[in-house]
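Engineer: Each chain, written out:
Protein chains: 2
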Amino acid sequence: MKSKLIISLFSFILLISFTACDVNVKVKNKEDKKEYLASWNDSPSKQNIINFVEEVTNESSPNFIKIEDRIATFDNDGNLWAEQPYYFQLRFAMDMIQMMAPEHPEWKDDESFQAAINKDIEAVLHSGDEGITKILMTSHTGNTAEEFQASVIEWVNSAKHPKTGKLYKEMVYQPMLELLDYLRDHDFKLFIVSGGGIDFMRAFADEVYNIPKDQIIGSTIETDFVITENGPQILRLPELNFNNDKKGKPIAINRHIGRIPVFASGNSDGDLQMMEYTDSGDGERFVLYLHHTDAEREWAYDRDSHIGRLDKGLDESTANGWTVIDMKKDWKVIYPFELSNK
Amino acid sequence: MKSKLIISLFSFILLISFTACDVNVKVKNKEDKKEYLASWNDSPSKQNIINFVEEVTNESSPNFIKIEDRIATFDNDGNLWAEQPYYFQLRFAMDMIQMMAPEHPEWKDDESFQAAINKDIEAVLHSGDEGITKILMTSHTGNTAEEFQASVIEWVNSAKHPKTGKLYKEMVYQPMLELLDYLRDHDFKLFIVSGGGIDFMRAFADEVYNIPKDQIIGSTIETDFVITENGPQILRLPELNFNNDKKGKPIAINRHIGRIPVFASGNSDGDLQMMEYTDSGDGERFVLYLHHTDAEREWAYDRDSHIGRLDKGLDESTANGWTVIDMKKDWKVIYPFELSNK
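Heads up: the protein sequence lines correspond to chains A and B, in order.
Going by the numbering used here, the first sequence opens with residue 1, and the numbers climb by one from there.
Going by the numbering used here, the second sequence opens with residue 1, and the numbers climb by one from there.
Hints listed in this document are in silico derivations from the structure and should not be mistaken for laboratory results.
Just so you know, these numbers come straight off a predicted model, no measurement behind them.
Any given hint could turn out to be false.
For chains that are exact copies, the list does not tell them apart, and a pair is met inside one copy or across any two.
Unchecked claim - With a Cα cut of at most 30 Å, we get these calculated DSS-like pairs of lysine-lysine:
| hint | residue 1 | residue 2 |
| --- | --- | --- |
| 1 | Lys66 | Lys332 |
| 2 | Lys108 | Lys46 |
| 3 | Lys166 | Lys213 |
| 4 | Lys169 | Lys66 |
| 5 | Lys66 | Lys213 |
| 6 | Lys34 | Lys312 |
| 7 | Lys34 | Lys134 |
| 8 | Lys166 | Lys332 |
| 9 | Lys66 | Lys328 |
| 10 | Lys328 | Lys108 |
Please take these sequences and the hints and turn them into a complete structure.
Structural biologist: Shown next, in the form of structure tokens:
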């Protein structure tokens, strides 16, 4: 009886010690088995991405890339979230103008402000660079950095897209979120490099993409630092500081990151110079273009589009052997909310 | 006998299970016991730093700061490494001019270039803003980003300080390296925010300070992105883009980091606006000034110095209760090489 009891205790302790020590093993196995890129069909695009990541993170490979060099850059509009029927940030600007209008009766006679208030995108575009700049600067400047952040956060948590009825921040691409996770889990440092406003993106991108604010690069306006009666403030001035598009992208990457990326992802000709810059570095590189081919689930547009034109980028992808995602064929779902509907 | 054997086995298994599971515990204890700030005397400065870090990293404290908000910014010249008898980067510029001179016989009649070649700092300073700008731009631009990086790396691995005979990169402050470690181990994200050139610092700062290139912010020149016969290149143009000094520091912090730091460290009036900005945020903040008081082991200078003047910063430290390091009293050693000499 006594030895039976001891044996039971013995087994019990074995069980406890096994259970207690098994935690790490389980976590490791879970990681090994984690299904990355689950919303991607088994296409050449997916396979190319996996082949690259497995190759450059394999220490015994001649193409191994050290962790500090694993810089990956992503365009935002039309690449991480949608950009149709026109850039979401332009919609934010038009909504702001509408909200500010009651305090500006003098805008009654201004064509571009009226176009913004009426959400008449054709008329806004028709007002030309001057009109669009006026709408953007009036809606984005003349306040403090804190005030501007607060206004974007409020908008992004309430404004809804006219076609899907979803919040704009819900119109991010599920397969791209999974790509960010996959790269992050393999020690890539992720940066957004977008023509969009840096402070506009920072108001939601850390929450939505899990990318820290200091890893978000965008177009900037001039600012000033002043001591006000409310203490030190960053004031937003109505003047462009830097246009982070086309060759602005490699210039900003050099200035902000200081390394040539090894992985770049974009969807338009505005990303082409970032792609060329990325491809120019030594060793293995990965260049990824997203081709909007899904008129039913999203939008289909490329060479002739006014928003997110992809023309030269397609030709260069063919010429250089870059990977092009065919949205319609390669992605099981587009948006995260499709998953919860299943 | 049998039950004795069972009890032995029982003990053995207990021992094994304890040993196997003890790894994590040991690591944790080792961390707990790690001696931080070992080169700091037990002064109020050291205690203030420790009190702050322990307070804001304690989850049950009302002053707890979330990890994503733990942004710490450090000036470089005179704060992480020495800056006397004049900024090391100016010495680099003069050395470059001397190296380039044989290919520029026309410099024979140029007073500022001759001053640089002769390492005559008085004459260089006497040549005024125009002369100094010419020396800086000629030595820092007209090449590609890669070529410039290579030239700085070569210099920083060979050029020696006239007083100590040590490499410039060895003249970093051991107690500040320990402060960087201490904050890093407590999940602070560290940034250098310096008036020095961003690309100059990036050539050595990741090695010397263990701070990634994208977390180094400095003054910038204009650049261009061009496709050359050697492929895509970033070209360095002889025009200032941004002077990261005084109120340029908070402006650059807002632009590059997007968050107000919770910890700022500097040594001159050029850091004052960064200090005011840091102090302006909500919740617990730490502002740290380094006062050069050690004429024997380093240099003693403050209110009247042309390099690294600390005048208003001292007054504001008193007025605001900021911590001021007294280098002579607070630091056991200045440079890392003193440790290996012991």
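Engineer: Looking at the structure, which of the earlier hints fail to hold?
Structural biologist: 1, 2, 6, 7, 9 and 10
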